[in-house]
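Student: So the chains spell out like this:
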Amino acid sequence: MLKRTSYDAVVVGAGVVGAACAYYAAKAGLRVAVVDRGPVAGGTTGAGEGNLLVSDKEPGPELDLALLSTTLWRDLAAEFGDRVEYEPKGGLVVATAPAGLDALHGFAAGQLAAGVDAVAVAADDLRELEPHLADGLPGGVLYPQDAQVQPALAAAHLLRASGADRYLGEAVTALRRGPGGAITGVVTERRELAAPAVVNAAGTWGGAVAELAGVRLPVLPRRGFVLVTEPLPRIVRRKVYAADYVADVASGSADLQSSAVVEGTPAGPVLIGASRERVGFDRTLSPEVLHRLAAQAAALFPVLRTVAVQRAYRGFRPYLPDHLPAIGRDARVPGLYQACGHEGAGIGLAPATGLLIARQLVGEKPEFDLSPFRPERFDEEE
Amino acid sequence: MDPLDLVGAEPGPARTILFDGRPVPALPGQTLAAALWADGVLAWRTTRTGGRPRGAFCGIGQCFDCLATVNGRPNQRLCLLPAEHGDAVTTQEGHGHGDLAV
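Note that the protein sequences, when read in sequence, are chains A and B. For the first sequence, our numbering assigns the number 1 to the initial residue and increments by one for each residue that follows. For the second sequence, our numbering assigns the number 383 to the initial residue and increments by one for each residue that follows.
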């Protein structure tokens, strides 16, 4: 006999996005449950670097989300303090060739007009910001709004602070629908939860949850590896990455792209990303990718040649074909809300996503127009 | 009873390693960790945040607790390194890379 419990909303997914949805929904006065087939931060959240970036986003809807999130993360950091390892350390994007510097300056000028803080850094001043940077780099742009958290800690503390009931280690097997097709609840392997609203925050696996509601959401995995060095003192002060990274993020190709993204952590290890390839959910370690990441990072920071890499991990970014997440009420199923497909930006975009979902759940007006993120947009193309 | 007698071991002559500059005997085939243990030394590193003492724990290369600086290279696992004549083991403070800090 299944136990039956009632909520105002059930969030599927205990990653950082699901945790943020639960946090803001509970703050808005709703009674919330979070269900996940695995543990907290067991999917893409736990495989991330914790980047809170505005620097890699061109003006448009995703940047609007990122700027709102930047403000919200500051508030959350004030609430959670050091427990989520929030570091408002800024980002430094460096060009690796003179032509790249022109492109980077052009990109930054557009961002500046859209409300991003961006400061050009001359070649001679790079070392003052990052003493270990390589010789001969033509210049860069400093982004003071970029920040970092420890993503698993962030998800765990958001979830705890939400006070939501948690059902972990039980997969959702069905969504209950009423006579008009509206959502009435969630069935898991062990129980049934009644709720008029379900938030799909299942990240890279969000397509499968949408399918339970009979709708298509084409989330695909985009694999990335991260190298972890031995513990070090602070040798990289900011988040530092090569300007090529922005083009990699925007690429739609399934082939391997990689560019150096380097950052220190409060725990000591330096994290080295970032690779992108669409190879399904293949977890096979790829020596070729690891080699490229190491070589690119060492080209930026030659000092890394003298330290050991202790391990590598990989994860699967939830990729949607237009590189925008699906956020908000799904017009196809009353009571279904989508909050997934954030690709590599989910940690950063989680608070804005959670807040906007909470606004819709309680019938308030969201901070801005959500139509670019509407979940049903992929049906319209066909 | 001496464990060497228990197993009837007939090791070759001891060589000498240096622990923080002090000579310590090491038998052929002993790891640096084993030589230090045999000399009564149990700790050769301090932790990064609390400054607490650390030495050999698993003894088989898995736990990375027995790290120390060997011949100028930090973060070497003493439980895996055979003691060679003249090896200089230095107590390691924290990550052992303090010189790289900016």
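It should be emphasised that the hints constitute simulated quantities derived from the structure, not laboratory data. Treat the hints with caution; some may be incorrect.
[Unchecked claim] What follows is a set of in silico ranges between Cβ atoms, one per label pair, in the way DEER data are often shown: (1) A:Arg74 to B:Phe439: 37 to 45 Å; (2) B:Thr431 to A:Arg216: 29 to 37 Å; (3) B:Cys440 to A:Pro131: 30 to 38 Å; (4) A:Pro131 to B:Arg430: 15 to 23 Å; (5) B:Pro435 to A:Ala247: 46 to 54 Å.
A virtual CB, placed ideally from N, CA and C, is assigned to each residue, including glycine.
Student: Is 29 to 37 Å right for how far apart the beta carbons of Thr431 of chain B and Arg216 of chain A are?
Tutor: violated, 49 Å
Student: Taking 30 to 38 Å as the hint, is the beta-carbon distance of Cys440 of chain B and Pro131 of chain A inside that range?
Tutor: Given a distance of about 37 Å, which is inside 30 to 38 Å, the answer is holds.
Student: Indicate whether the distance between the beta carbons of Pro131 of chain A and Arg430 of chain B respects the range 15 to 23 Å.
Tutor: holds, 21 Å
Student: Measuring from beta carbon to beta carbon, are Arg74 of chain A and Phe439 of chain B in 37 to 45 Å?
Tutor: holds, 41 Å
Student: I want to verify a distance hint. Is the separation of the beta carbons of Pro435 of chain B and Ala247 of chain A within 46 to 54 Å?
Tutor: holds, 49 Å
Checked against the numbered hints above, the structure violates only hint 2.
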